[in-house]
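> Let's have the full structure, built from the sequences with the hints guiding it.
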Amino acid sequence: MSEQQAKKLTVSMLGGFRMYWGGEEFRIKSGSSTKPAHILQLLLYHAPDRVTTAKLIECLFAYDDILNPNNSLKASVSLLRCQLEATPLPQMDFITFQNRSYVWNEALTPEVDARVFERLAGEAARAGGEEAIRLSYEACRYYGGAFLPALVGVDWAEVLNVHYGNLYAALVRRLGKLLCERGRVEDALALAREAQSRLPSDEWLIMQMQCHMELGQWDSAKQVYMDAVTTMARDYDVQPSAELLAQYRVISSKLVNHLGAFSDMLDDIREEAFVGGGYFCTFPGFIDSARITVRTMARSGLSCFLMLVSLSDGSKLPIPSGAKLDDVTVKLQEAIRMSLRRSDFFTQYNQSQYIIFLQGTNRENCSLVQKRIENNFRAFSVRDTRLQFECHTALLETLDELKNPAPLQWTVRQ
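If you read the sequence shown in the numbering used here, its first letter stands for residue 1, the second for the next number, and so on.
Hints should not be assumed to be uniformly reliable.
Computed cross-link-like contacts, EDC-like style, restricted to lysine to aspartate or glutamate with a CA-CA straight-line distance of at most 20 Å [claimed, not checked]:
| id | residue 1 | residue 2 |
| --- | --- | --- |
| 1 | Lys-316 | Asp-327 |
| 2 | Lys-177 | Glu-130 |
| 3 | Lys-74 | Glu-85 |
| 4 | Lys-35 | Asp-64 |
| 5 | Lys-55 | Glu-130 |
| 6 | Lys-35 | Glu-24 |
| 7 | Lys-316 | Glu-374 |
If you're looking for bench data, these hints aren't it; they were derived computationally from the structure.
Rendered as structure tokens:
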């Protein structure tokens, strides 16, 4: 067998699109997000099976307004053939047309990581004991993340992305259980951390907490909890679900079973240094603090208010996720902190909104707080950004309105 024949074509589609010939990565000239690349990905994934022209047209041009998709498909395939000739692959007819279908040359059948992952996951599901653990680890090694992430929003890729994500989750779930049953809790913990990096989910965070507690690592379990809640409130443009909050509270309640030193608890409560302005807390912490404060205020007869601050662009539209929103959000958080008293507290509801709890105040003073926030925010020289405010008394029987804020009226603030 010649060296050329000994080489093989391997393709990665989980976590990104990469091609290797004899272990060396190569690419086609047009990149990985073009029509030729899309055709190549479809053919490689389905190889050695054929892909009909109807399916290719549906996958590539379903949302394109073109008069003759057949001609566009032929042109894209022709371009792809030319680009493949410029790669290190052995020269041959890479793509053939038979019976209204295109097919990748079976002499160069690729090893696709998604296909290998699915096969190994199936074998692991049918196996038991140590063999199941071995096969599960081998399968997990092939799951590098989302299926063809560059094709986000493309129907066929989205379906497979969900399929492989569910398959990986089931695999990790079963493997974690098998490891814990054999006392390999540290291995289960490492598995949960890896799963969180590849397929982020509160399930793997909870799995980490439970492993830490099983190992008696109470401080580590607590740290995972605190980091997780902070990340949910700060980095995701969604509020934590009621189910997620309930799960965190269950984990938190288990932490109190550990007998800690009173001095350590006091250290946790004590602020490390004097910080002026309002107190920023996570969304779950805000909910608990708000409910306790409402009870106290209702008993004392003092008033308190909730203030919602929202961001929009210069056209009164939501600011798209990205560097600009990240920068503006940080500046708004600092402007709010500087504008509040130390007895007031606030949280980030999502990437574009903050909620403030104002104690012992009235509506007139709420307007003053609003002006201070506007002035401090403008001092950061933020352009093409508007702030909108809404206030409501916090003396409610419950704080359900936090989950469904009333419709907002935009105020013009540059």
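> Hint by hint, note whether the structure agrees.
Cross-check of the supplied hints:
1. Lys-316 <-> Asp-327: holds, 18 Å
2. Lys-177 <-> Glu-130: It holds: about 12 Å lies between the C-alpha atoms, which stays within 20 Å.
3. Lys-74 <-> Glu-85: holds, 17 Å
4. Lys-35 <-> Asp-64: holds, 12 Å
5. Lys-55 <-> Glu-130: violated, 42 Å
6. Lys-35 <-> Glu-24: Status violated; Cα separation ~24 Å.
7. Lys-316 <-> Glu-374: holds, 16 Å
Going through the hint list in order, the structure does not satisfy hints 5 and 6.
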